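Listed here are the chains, written in short residue letters.
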Amino acid sequence: MKKMFLILFLGSIVFAKTISTDVLKKMQITDPNKVYIVNFFASWCTSCKAELPGIVEFNKKLIKDKNKFEIIGVDVDEELDEGIAFQKKMGLNFRVINDTDQSLISYFDPDGIPAIYYIKEGKVKKARFGAEDDIGKVIQMDLKSL
Amino acid sequence: MKKVLFLVIPFLITGCLHISDVKPWEKGTHAKETMKDAGIDKMRMKFDTHIYYSKEATKAGFGIAGGGCGCN
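Taken in sequence, the protein lines are chains A and B. All residue numbers for the first sequence refer to the UniProt record's numbering, where the first residue is 1 and numbers rise by one. All residue numbers for the second sequence refer to the UniProt record's numbering, where the first residue is 1 and numbers rise by one.
Chain A on its own, in the form it takes in the complex:
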């Protein structure tokens, strides 16, 4: 009986980490060998505003490894105009998906934003919630630990 519960529990963890093909398609996550760093943010989120310049800086270093890693931004603003204006203001140098119906973020269901998910082979390998002071270093460490 205990074994069955353990198997069900472990199974639920593994199942929870696998992303559905619809979501992967929507996010254009196609390369199984690539690590996708998905960052959820919003224009009204103060912590996201503080963290995004660090991600922009880190992406400049990441460009040489663009075959291995890719940063994808997901703007969860309900107003598309507000979201696009914010993205321009922040000078984002990575691909951004405008999740105006908030379906993507609802699927991932993070505890807070900004939220970063590391996706490889269609699975969430690691997640991080809340802003970090030196996000570049934090991502670098996370990528090493994957």
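Source of the hints: derived by calculation from the structure; they are not laboratory data. These numbers were taken from a predicted model, which means no experiment stands behind them. Errors might be hidden in some of the hints.
Here are some of the chain A residues that sit facing chain B, going by a computed Cβ distance under 8 Å [what the hints assert, rightly or not]:
1. ALA42
2. ILE72
3. VAL76
4. ASP77
5. ASP81
6. VAL96
7. GLN102
8. PRO110
Far from chain A by the CB rule (all over 12 Å, computed), these chain B residues [as the list claims (entries may be wrong)]:
9. PHE6
10. LYS23
11. MET45
12. GLU56
In this text, a Cβ means the ideal position worked out from N, Cα and C, and glycines have one as well.
Based on the hints, put chain B in the right spot on chain A.
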């Protein structure tokens, strides 16, 4: 009367159970300037705070820390 109350009260109680939590990404409207106590008028907020300070001889204790998005 008792029968009616017996039927109505469970409905009222369970009605409250349907209220779901506001998710972190659903707080966009809450974060707007117009949702603050004094609205978009920052001077009014300062004025209110000044009166509070004068009357109570104490400061702060307003609002919440952070960006309102459930993060650190």
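Going through the earlier hints one by one, which of them does the structure break, listed in rising order?
-> Those not satisfied are hints 2, 5, 6 and 10.
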